[in-house]
Amino acid sequence: MMLLRVSQVLLGLSALSSSALALWPQPRELSTGTTPLKLSNDFSVSTKGLPSTPNDLQDAIRRTQGFLKTDKLQALVPDRGASSKSAVGSARALRSLRLAYTGTARRLTSLAEEAIADVESRVEGYTLTVPSDGGEAVLQANSTLGLFRGLTTFGQIWYELEGTAYTLVAPIQIKDEPLYKYRGFMLDTARNYFPVDDIKRTLDAMSWVKINTLHWHVVDSQSFPLVVPGFQTLSEKGAYNAKAVYTPQNVKEITDYAAARGIDVIAEIDTPGHTAILAHSFPEHIACFEASPWTKYANEPPAGQLRLASPATVNFTSSLLTAAAKLFPSKFFSTGGDEINANCYKEDAETQKDLAGRTVDEALDGFTQAVHGALKGVGKTAVVWEEMLLDHKVKLANDTVVLVWISSANVQAVAQAGYRLVHASNDFFYLDCGAGAWVGNFPDGNSWCDPFKTWQKSYSFNPIANLTKEQEKFVLGGQHLLWTEQAGPTNLDEKIWPRAASGAELFWTGPGGDVRAALPRLHDLQYRFVKRGVKATPLQPEWCALRPGKCDLDA
Amino acid sequence: MKLLPLFISSLSVSLRSANALWPVPRNLEKGTSHLLLSPSFDIQVEGVAFSDVPGDLQGAIGRTKTRLWEDRLGRLVPGRGQSDLQASAAPGSLSLLTLSIKPPPGEGKGAKVPSITSEVLKDVSARDESYSLHVPADGAPARISANSSLGLLRGLGTFEQLWYWAEKGGEAGTGVVYMHEAPVVVKDDRPAYPYRGFMLDTARNFFPVPDIKRTLDAMSMVKMSQFHWHVVDSQSFPLEVPEFPELAQKGAYSEKEKYSTQDVQDIVKYAAERGIDVLMEIDIPGHTAILAESHPEHIACLHASPWSQYANEPPAGQLRLASAATADFTVALISAIASRLPGTLFSTGGDEINQNCYREDAQTQKDLKESGKTLEQALDGFTGRVHEAVRGRGKRVVVWEEMALEHQVGLANDTVVMVWISSKNAAKVAKKGFHVVHAPSDYFYLDCGAGEWIGNSAGTNSWCDPFKSWQKAYTFDPLASLTKDQASLVLGGQQLLWAEQSSPENLDSIVWPRAAVSAEIFWTGPRLPSGASRSVGEALPRLHDIRFRMVQRGVKAIALQPLWCALRPGQCDS
Numbered sequence: 001m002m003l004l005r006v007s008q009v010l011l012g013l014s015a016l017s018s019s020a021l022a023l024w025p026q027p028r029e030l031s032t033g034t035t036p037l038k039l040s041n042d043f044s045v046s047t048k049g050l051p052s053t054p055n056d057l058q059d060a061i062r063r064t065q066g067f068l069k070t071d072k073l074q075a076l077v078p079d080r081g082a083s084s085k086s087a088v089g090s091a092r093a094l095r096s097l098r099l100a101y102t103g104t105a106r107r108l109t110s111l112a113e114e115a116i117a118d119v120e121s122r123v124e125g126y127t128l129t130v131p132s133d134g135g136e137a138v139l140q141a142n143s144t145l146g147l148f149r150g151l152t153t154f155g156q157i158w159y160e161l162e163g164t165a166y167t168l169v170a171p172i173q174i175k176d177e178p179l180y181k182y183r184g185f186m187l188d189t190a191r192n193y194f195p196v197d198d199i200k201r202t203l204d205a206m207s208w209v210k211i212n213t214l215h216w217h218v219v220d221s222q223s224f225p226l227v228v229p230g231f232q233t234l235s236e237k238g239a240y241n242a243k244a245v246y247t248p249q250n251v252k253e254i255t256d257y258a259a260a261r262g263i264d265v266i267a268e269i270d271t272p273g274h275t276a277i278l279a280h281s282f283p284e285h286i287a288c289f290e291a292s293p294w295t296k297y298a299n300e301p302p303a304g305q306l307r308l309a310s311p312a313t314v315n316f317t318s319s320l321l322t323a324a325a326k327l328f329p330s331k332f333f334s335t336g337g338d339e340i341n342a343n344c345y346k347e348d349a350e351t352q353k354d355l356a357g358r359t360v361d362e363a364l365d366g367f368t369q370a371v372h373g374a375l376k377g378v379g380k381t382a383v384v385w386e387e388m389l390l391d392h393k394v395k396l397a398n399d400t401v402v403l404v405w406i407s408s409a410n411v412q413a414v415a416q417a418g419y420r421l422v423h424a425s426n427d428f429f430y431l432d433c434g435a436g437a438w439v440g441n442f443p444d445g446n447s448w449c450d451p452f453k454t455w456q457k458s459y460s461f462n463p464i465a466n467l468t469k470e471q472e473k474f475v476l477g478g479q480h481l482l483w484t485e486q487a488g489p490t491n492l493d494e495k496i497w498p499r500a501a502s503g504a505e506l507f508w509t510g511p512g513g514d515v516r517a518a519l520p521r522l523h524d525l526q527y528r529f530v531k532r533g534v535k536a537t538p539l540q541p542e543w544c545a546l547r548p549g550k551c552d553l554d555a
Numbered sequence: 001m002k003l004l005p006l007f008i009s010s011l012s013v014s015l016r017s018a019n020a021l022w023p024v025p026r027n028l029e030k031g032t033s034h035l036l037l038s039p040s041f042d043i044q045v046e047g048v049a050f051s052d053v054p055g056d057l058q059g060a061i062g063r064t065k066t067r068l069w070e071d072r073l074g075r076l077v078p079g080r081g082q083s084d085l086q087a088s089a090a091p092g093s094l095s096l097l098t099l100s101i102k103p104p105p106g107e108g109k110g111a112k113v114p115s116i117t118s119e120v121l122k123d124v125s126a127r128d129e130s131y132s133l134h135v136p137a138d139g140a141p142a143r144i145s146a147n148s149s150l151g152l153l154r155g156l157g158t159f160e161q162l163w164y165w166a167e168k169g170g171e172a173g174t175g176v177v178y179m180h181e182a183p184v185v186v187k188d189d190r191p192a193y194p195y196r197g198f199m200l201d202t203a204r205n206f207f208p209v210p211d212i213k214r215t216l217d218a219m220s221m222v223k224m225s226q227f228h229w230h231v232v233d234s235q236s237f238p239l240e241v242p243e244f245p246e247l248a249q250k251g252a253y254s255e256k257e258k259y260s261t262q263d264v265q266d267i268v269k270y271a272a273e274r275g276i277d278v279l280m281e282i283d284i285p286g287h288t289a290i291l292a293e294s295h296p297e298h299i300a301c302l303h304a305s306p307w308s309q310y311a312n313e314p315p316a317g318q319l320r321l322a323s324a325a326t327a328d329f330t331v332a333l334i335s336a337i338a339s340r341l342p343g344t345l346f347s348t349g350g351d352e353i354n355q356n357c358y359r360e361d362a363q364t365q366k367d368l369k370e371s372g373k374t375l376e377q378a379l380d381g382f383t384g385r386v387h388e389a390v391r392g393r394g395k396r397v398v399v400w401e402e403m404a405l406e407h408q409v410g411l412a413n414d415t416v417v418m419v420w421i422s423s424k425n426a427a428k429v430a431k432k433g434f435h436v437v438h439a440p441s442d443y444f445y446l447d448c449g450a451g452e453w454i455g456n457s458a459g460t461n462s463w464c465d466p467f468k469s470w471q472k473a474y475t476f477d478p479l480a481s482l483t484k485d486q487a488s489l490v491l492g493g494q495q496l497l498w499a500e501q502s503s504p505e506n507l508d509s510i511v512w513p514r515a516a517v518s519a520e521i522f523w524t525g526p527r528l529p530s531g532a533s534r535s536v537g538e539a540l541p542r543l544h545d546i547r548f549r550m551v552q553r554g555v556k557a558i559a560l561q562p563l564w565c566a567l568r569p570g571q572c573d574s
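From first to last, the protein sequence lines are chains D and Y. Just so we're aligned: the first sequence equals residues 1 to 555 in UniProt numbering. Just so we're aligned: the second sequence equals residues 1 to 574 in UniProt numbering.
If you're looking for bench data, these hints aren't it; they were derived computationally from the structure. Do not take every clue at face value.
[To be verified] Not close to chain D: a few residues of chain Y, all C-beta gaps over 12 Å, as computed:
no., residue
1, Gly-47
2, Pro-78
3, Leu-85
4, Ser-132
5, Phe-206
6, Glu-243
7, Gly-372
8, Glu-406
[What the hints assert, rightly or not] Computed spacing ranges between beta-carbons, pair by pair:
no., chain 1, residue 1, chain 2, residue 2, range
9, Y, Lys-424, D, Ala-244, 39 to 47 Å
10, Y, Pro-78, D, Asp-444, 27 to 35 Å
11, D, Ala-87, Y, Arg-391, 51 to 59 Å
12, D, Ala-82, Y, Gly-384, 39 to 47 Å
13, Y, Pro-78, D, Lys-331, 51 to 59 Å
14, Y, Gly-173, D, Arg-107, 46 to 54 Å
15, D, Glu-29, Y, Ser-308, 35 to 43 Å
16, D, Arg-92, Y, Ser-260, 34 to 42 Å
17, Y, Gln-365, D, Ser-40, 31 to 39 Å
18, D, Asn-142, Y, Pro-78, 48 to 56 Å
19, Y, Ser-308, D, Gly-418, 43 to 51 Å
Every residue gets a Cβ at the ideal spot worked out from N, C-alpha and C, and that includes glycine.
Looking at chain D on its own, in the form it has when it is part of the complex:
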């Protein structure tokens, strides 16, 4: 008899390792049981114990309750849960989830405020207890953001069988908080334009895996969709068309939507390179505009860079970026700084004149100091691509955040220099790689960063490889990125999801995860995303998704 019980427990364990509980990102501490539990028809979320309930938290609760009803995700097992029918039928019913605040404030701050608070001060931890006897479940946190993260976890616990939401693994106890403070995703809306609704759907999906930062690469040499007050001519002449713009109202809509989902929006106006499009309205500020062959003047067409040595251009850039930065509530603003083409400036007579004996890097230093200084003046901390620090030796303020994209091997040099850094390396996190060359007339070309970066590849990333203990503390986190030369609204979801979730777990739960154990949970997430209207790509035949391990290499 005892032996039988043990074997039942073992069976329970093997079920657990499959899709019995498929949270993503995996909580830092988790224990589960083997008792079935269903959601009562009158299930409710209680906020009575909270000192106050901010509106955006109330909205988040409503969305969670909506998902509990509309996800209708069946368990990923061959019979999709049918054999659990009697267990579910006779299970105790959970009637209530109580939210509890463990902090000392007399009123809760809104999610929106906490989402844009200084990245290192954000509190996202929570504990969640779901008893097996139908007694009240409790979600505790000492921040609104923590309560929100816990609600997200709660929403992933349930499967559906004949109209009933259930789990087979109660009781559940979770104590959770992210390992890294910055868990991001970058979207380029300049190579191809994405309507506001696509961005909102992406923000929803991001919040479901607890990503907390949208790095919005909003403009580039190809188009300028951002309507900047005082500089409207930029979008009038630089957007792909009158409808392909983000008005200040759109930006507010997006940043509000993001913040209400625990996401900070860091806008980037990439300078001094990647700015050809400005020449449509301000030709005087752009060197080597559409110079040919573009390969000599830029990493991709069209060529054109800000005349960084011109005092007038420095002033213009400072005004433009501060005006743009004011549209975004984030404490961060990115000035880019990647892929500056030396040849462009070498052949630009105006720049050569303006340099007046300075080197380009010296002029870049002055340009950057002025622009970053102006941004500081409106309360923004600068974010830059790695070249600014490693290639150009620009003097950056100590609080500058550096994005490492060229190679993960460069992380050490950034940490060594004492700057906070975000992992964004193309060799692990670029979602666009591997779809062939997009440059025309290049029949045998593959993408420059071939091959395709699989979810397994990014999952295996070690954020502190080759770093000393002292250097580790400079790692803020990391992000997947979608450059959109070959992406648009028609393939946005499937390019991002579920791959970007791999980075979300890596930087929440921490490195060292096993791809074998992760795959069933990632399947679960992919299926849940599809149920919620996000067109995530399937990772395997459904036969495999329903049978964890059976399609492993060594199975």
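Fit chain Y to the supplied structure of chain D, relying on the hints for placement.
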């Protein structure tokens, strides 16, 4: 001073957008005049009361009329064609397109125009898809003439691609439909190859009927003629077969993830009305593990582990080809399926047969011993019986290349062999005298390059890496290393989507516009109307155009470049 903008705009028209037809007709002459589509535009069939026009041609005419107004595709130039409106002061206005079928149906009673469907269901080499098209610049009636309704359909497809939409001076929603290169003359356009296909695997992951129909619509836009439906495989059996209901009952992923007999008829009819024949494949004797859910007695090495020793992908399981009972079962199953399909091609698959599976299957070894046959002899006997049954239903057999090249199997002379392992193997198949359909993984597999899908393989690449870009596919030469005599054996080719990493979520984006590439290779042949060789540099602007038109029609084809590049042909070339 006033002339200058006009001059610039007409010059840029001719430089930037020679034409945007896909596939480009075998010959094409065009002018530089603008022509408006009249609000009263109509399409008539010459000499026939519309009520006597076959229903599928009526449907095609109706769709064309709708699309002309609803495509709303702005021309791919900066400004999206706004300057076109200003460039032409008093363009002609087209109010009639006449369709003419030769020979004309007699005046007498019972004179009938044959349907599109009837032409589509002929043998692949016997279909007449040719047409001629003339659109005068002055607004006089345009004309498509053809020998068949199918030819008229192809002509309508070309006609639809001539038109763009420009918003009228900022008034949202109001605009004009116009073309900018009238007159257009296409004389006797016809495909270089009759088989221009696309293969979809609906077994690794399921695709609902509307997804398949949308795919057929997109295929029809680029004049494809064959839908190769790899309907079942080892992972699932979504096909309902009335004589064997247990197969889908136990083998479909779920009750909802099935194709009923009605669904199949619906798809076949929908396809035929759009000029597409459906070639269904039941892959045997490998790729059949799922049959064991209801008929375990017929399957060897079911779910044997490690799967890599028994199959190319999990789960393992193959038909017991040496068993007489299994051969009876297979013949009955395939006959039941084939007898409900009107097309003249049917595939029995035959790829990736695993020897080890049979070596370790006691039942198969016993069957072989009792009959005194080798495995190859048993395969020959098994295949012979099944093929005879298929041929008995009036169909030509289609097989994967292994059946012709690796196994000692007797195949009928008219067997069509699909070459998938390597484009190099086409010559070997042709040497044996079989008809060839090009389906090489090294050019045409749309699934390659998205990482290994097998679990626990940290970060490795797909077996057929890299990604097959449209450019790579476009450089495919159907006649490479074939002799002149062998060239006539090439029926055409197709791009293929194996669906291990696909589902309705990414169907359109993984297929389009890449699959349009083979549609042009096998329609247009090696030369452009100008006589120049086809090239990726020339093709890209046209491929952008068909991609944007697909998006307008609700097919989520992917962007090939930043819009900046799509509006400026050549500016983003390497």
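Each hint tested on the structure:
1. Gly-47: 43 Å, holds
2. Pro-78: 9 Å, violated
3. Leu-85: It holds; Leu-85(Y) is separated from chain D by about 15 Å at its closest Cβ, greater than 12 Å.
4. Ser-132: Nearest chain D Cβ is 32 Å from Ser-132(Y), so the label holds.
5. Phe-206: Non-interface label on Phe-206(Y) violated, nearest chain D Cβ at 7 Å vs cutoff 12 Å.
6. Glu-243: Answer for Glu-243(Y): holds, closest chain D Cβ roughly 25 Å.
7. Gly-372: Correct as stated: the minimum Cβ-Cβ distance to chain D is 37 Å, above 12 Å.
8. Glu-406: 25 Å, holds
9. Lys-424(Y) with Ala-244(D): 39 to 47 Å: Taking Cβ atoms as reference, Lys-424(Y) and Ala-244(D) lie about 46 Å apart, which means the hint holds.
10. Pro-78(Y) with Asp-444(D): 27 to 35 Å: Once the Cβ atoms are compared, 30 Å apart, the range 27 to 35 Å for Asp-444(D) and Pro-78(Y) holds.
11. Ala-87(D) with Arg-391(Y): 51 to 59 Å: 53 Å, holds
12. Ala-82(D) with Gly-384(Y): 39 to 47 Å: 42 Å, holds
13. Pro-78(Y) with Lys-331(D): 51 to 59 Å: 38 Å, violated
14. Gly-173(Y) with Arg-107(D): 46 to 54 Å: 48 Å, holds
15. Glu-29(D) with Ser-308(Y): 35 to 43 Å: 37 Å, holds
16. Arg-92(D) with Ser-260(Y): 34 to 42 Å: 40 Å, holds
17. Gln-365(Y) with Ser-40(D): 31 to 39 Å: Given a distance of about 58 Å, which is not inside 31 to 39 Å, the answer is violated.
18. Asn-142(D) with Pro-78(Y): 48 to 56 Å: 55 Å, holds
19. Ser-308(Y) with Gly-418(D): 43 to 51 Å: 50 Å, holds
Checked against the numbered hints listed earlier, the structure breaks hints 2, 5, 13 and 17; every other hint is satisfied.
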